[in-house]
Every structure is written in structure tokens, then in C-alpha cells.
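Need the complex rebuilt from these two chains, each delivered in its own frame; the hints are there to steer you.
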Amino acid sequence: GDSVTQMEGPVTLSEEAFLTINCTYTATGYPSLFWYVQYPGEGLQLLLKATKADDKGSNKGFEATYRKETTSFHLEKGSVQVSDSAVYFCALSDRYNYGQNFVFGPGTRLSVLP
Amino acid sequence: DAGVIQSPRHEVTEMGQEVTLRCKPISGHNSLFWYRQTMMRGLELLIYFNNNVPIDDSGMPEDRFSAKMPNASFSTLKIQPSEPRDSAVYFCAFGVRGSTEAFFGQGTRLTVV
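Heads up: the protein sequence lines correspond to chains A and B, in order.
Quick note, in this note's numbering, the first sequence goes up one by one and the last residue is 1068.
Quick note, in this note's numbering, the second sequence goes up one by one and the last residue is 114.
So that you can see chain B by itself, here it is in the shape it has in the complex (with noise of 0.2 Å):
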């Protein structure tokens, strides 16, 4: 996972809480990226960034989801208010300069009851 770091690993949550998840690339990166993955959609890109910026969120589902990176070393994807069927696996990954593959943290498991 050349060291990227999701936080946390696992999440239960209530319906209607906020869920606010965490990513914290390694250096050198200039694309971020956050992925949610169930057996039903698969692999799904929600959002990414390249150099700090968001350049496409079109993958996010509803505006209860939302996603920031306010600085090179840190991005959250927050979820207001949870639903159950936001239960899935989030991964964020990023792209590292002079390379062309996507390194990926462990996932969030999120579950939301």
C-alpha cells in the first residue's frame, strides 16, 4: 500500500450520523483519489483530485457526500447524513509523480445501521 493511511479501518455508525473519513497520502503525490467498493457496484471512483484540486466529483452520489483536501498531506470524505446503503468499503489511492500506477490504502469498512 506504499504507505497510505485510511483512517479508521472500521466505522458503525447510526443512520442519520455524520461519518467523516480520513486519508493521508504519501509524498510525492499529485492525483488523489476515493473509491467506494460493494459486491453490488463493484469498484466505483467518486471523486479525485490532481494537485489539490477537485477536477471531477461526478462519481459522487448525492450532496450528502462531500470531500476535501486542504492540503498535500491530508483529505476527508464525509458523509451528512449516513444512510444504510452508504455501507461499503472506501479506499482512497493516489498518484505519485514520476509514476503511472495508483497506490491504494487498506479501505475504510464502513457499516451504517
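Bound conformation, chain A alone (with noise of 0.2 Å):
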């Protein structure tokens, strides 16, 4: 079945740090790719999402590209700030004949240091 698996957290950094939360993906079909976020108390909401190969999702300042060669849809911000402390969630979309299913990753906990 379809799978994403995301890198380990947590991830400290350091304001205004390079950014980079590495996701892969298994999948039987052609997924749409998204990557959530959740800050302390709240629901998840979409941070960017792509839906095909070779499409680069951002918002925020944050950038993924769906890469279907390596089935990878890595998280990165050039620079990051305390407000980007969150979990964030890499997850896929695929279509089935009975409807649509998500999958998420684990989460990986970001925080950012003043």
C-alpha cells in the first residue's frame, strides 16, 4: 500500500538557518504530494502541495518539488523563524476507484531558536 516516510525529529535550528525535512513516498499511482503544518494546539492546515512530476509547490517561503525519479518531496526554507516552530506532516493523495485516500508521515517537530 502507499507509504511516506519522513525524516526524524526533532530538528533544532538556529533563526534565519537553512531549512531541509526530507520525505519520500511509496505509491501504486500517480499521487498528489502535500506538506501540512501544526502548530501547538491547532488542526493541521496545508502549508504547499504539488500534484504531478516536476511540480514545485511553496508558500511561506517554503519550497518542495515533487520528484518522481526518486519519489521524494523534501521540505526546505532558505531561512527560517521562531513562528516556523511546528510539527510538520508530509503526505500523499491518491485516487482509487472507491475514492480518494490520504496517507501522512509521522511528523517531524521543528523548533527555532531565537
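Hint data in this document are derived by calculation from the structure and do not stem from the laboratory.
Model, not experiment: these values are computed from the prediction.
Just so you know, not all the hints are guaranteed correct.
Claimed, not checked - The calculated label-pair distances, taken between Cβ atoms and stated as ranges, are: (1) A:Glu962 - B:Gly4: 29 to 35 Å; (2) A:Ser1033 - B:Asn72: 44 to 50 Å; (3) A:Asp1009 - B:Pro85: 43 to 49 Å; (4) B:Gly99 - A:Asn976: 18 to 24 Å; (5) B:Pro85 - A:Gly995: 18 to 24 Å; (6) B:Val54 - A:Gly1015: 38 to 44 Å; (7) B:Val114 - A:Asp1009: 46 to 52 Å; (8) A:Arg1049 - B:Gly4: 21 to 27 Å; (9) B:Lys79 - A:Asn976: 36 to 42 Å; (10) B:Lys79 - A:Glu996: 21 to 27 Å.
To be verified - Covered, in the sense of this in silico footprint (three residues per stretch, anywhere, with C-beta under 8 Å from a C-beta of chain A), are these stretches of chain B: (11) 43-56; (12) 101-110.
Every residue gets a Cβ at the ideal spot worked out from N, C-alpha and C, and that includes glycine.
Following this line, the structure appears as C-alpha cells:
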């Protein structure tokens, strides 16, 4: 079945450091890929997405490129801020005859220190 | 959260009691998902529905858990009897026709003492 693997956390960075959170996936079809962010005490919010190979999703300075050849969707940001501290989830969505499914990775906790 | 309403936001109950969590989706959805989140296990898919029909409930931990979607506007997750290890944050989420992403509610924090 479909699955998502992402790097173990927690990740601790200083403000203005470069961020990479690795994500790889396994899917039988042609999934859409997502990064969700969860701030303390809140639900998951969509951060960015890509629906086909070589697409780049971007939002709030974060970027991720859908790499079909390496089945990856790594999240990057050039300069993190304290306000980026949160848990980040990589996810995929695939469509089947019976509908649509979502699969999430385990999440990576990011702490940004001033 | 795109208007997904979950209730209650917080629930504290005694072991052995029945707990019912509620979710009201946004309009135009075609998929509904119930997730459980804990520090130890992270985000776990419990069950999901497509067009109000349960598709996969393999993530439901025990027979104590049941989920229903009596109509397109409402879903419940019931735990009977509840146990302390059920303490977690429970999220519902929706897939919408014409969109690829899932929209999450704010969650219900359940504490069973």
C-alpha cells in the first residue's frame, strides 16, 4: 500500500538557518503530494502541494519539488523564523475506484531558536 | 480549517463512560477521515468514508470504537467503554470534490481519567 516516510525529529535550528526536511513516498498510482503544518494546539493546515511530477509547491518561503524519479518531496526554506516552530507532516493523496485516500508521514517537529 | 466543525473541543470523562465525538463537514465533500494523534504514535488514521460509505476501518483499534456517517452533513466517532489509553486528540478531515487536499478540523482533545 501507499506510505510516506519522513526524517526523524526533532529538528532544532537557529533563526535564519536553512531548513530541509526529507520526505519519500511509495505509491501504486500517481499521487498528489502535500506538506501540512501543525502549530501548537491547532489542527493541520495545508502548507503547500504538488499534483504531478516536477511541480514545485511553495508558500510562506517554503518550497518542495515533486521528484518522481526519486519518489521524494523534500521541504526546504532558506531562512527560518521562530514563528516556523511547529510539526510538519508530509502526505500523499491517491485516487482509487472507490474514492480518495490520504496517507501521512509521522511528522517532524521543528524548533527554531532566536 | 475551511469550516470543519468538531465538537466538543475538549472532553474529560471517567473510564468506562461512553464518549461521542462529532464532526460537521464543509459542503461539497466526498471523503471523510477520522484520525487520532498522540505523542507516542503520532497521527493515526482510524477510518475513512467515501460518499458516506465506510471504506477502510482497519485503523480502528478495538471494537470499543465505532464511527458512523448517517448523512453527508454529520459524522460521529464513539468510544464505549472509554479507557485512559484512549486519551488523545481526535481529528476529522475532509476531501472535497475538485480538490486534492484534505481539510482538517481543530480537533477534540479527549482525556479519560
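Here's how the hints hold up against the structure:
Against the hinted window of 29 to 35 Å, the Cβ-Cβ separation of Glu962 (chain A) and Gly4 (chain B) comes to about 34 Å, which satisfies the hint. Distance hint check for Ser1033 (chain A) and Asn72 (chain B): the Cβ-Cβ separation is about 48 Å, which falls inside the suggested range of 44 to 50 Å. Look at Asp1009 (chain A) against Pro85 (chain B): about 44 Å separates their beta carbons, and that is inside 43 to 49 Å. Between Gly99 (chain B) and Asn976 (chain A) the CB atoms are about 31 Å apart, so this pair departs from the stated range of 18 to 24 Å.
As the Cβ distance of Pro85 (chain B) to Gly995 (chain A) is approximately 22 Å, the hint placing it in 18 to 24 Å holds. With their beta carbons about 41 Å apart, Val54 (chain B) and Gly1015 (chain A) fall inside the hinted range of 38 to 44 Å. For Val114 (chain B) paired with Asp1009 (chain A), a C-beta distance near 47 Å keeps the hint of 46 to 52 Å intact. Between Arg1049 (chain A) and Gly4 (chain B) the Cβ separation comes to about 23 Å, which falls inside the hinted range of 21 to 27 Å.
Taken as a hint, the range 36 to 42 Å holds for the pair Lys79 (chain B) and Asn976 (chain A), whose Cβ atoms sit roughly 38 Å apart. Between Lys79 (chain B) and Glu996 (chain A) the beta carbon distance is about 25 Å. The supplied range of 21 to 27 Å therefore holds. Restraint check on the region 43-56 of chain B versus chain A: 7 residues with Cβ-Cβ distances below 8 Å, three needed, restraint holds. Here the region 101-110 of chain B counts 8 residues with a CB under 8 Å from a CB of chain A, which clears the bar of 3, and the coverage holds.
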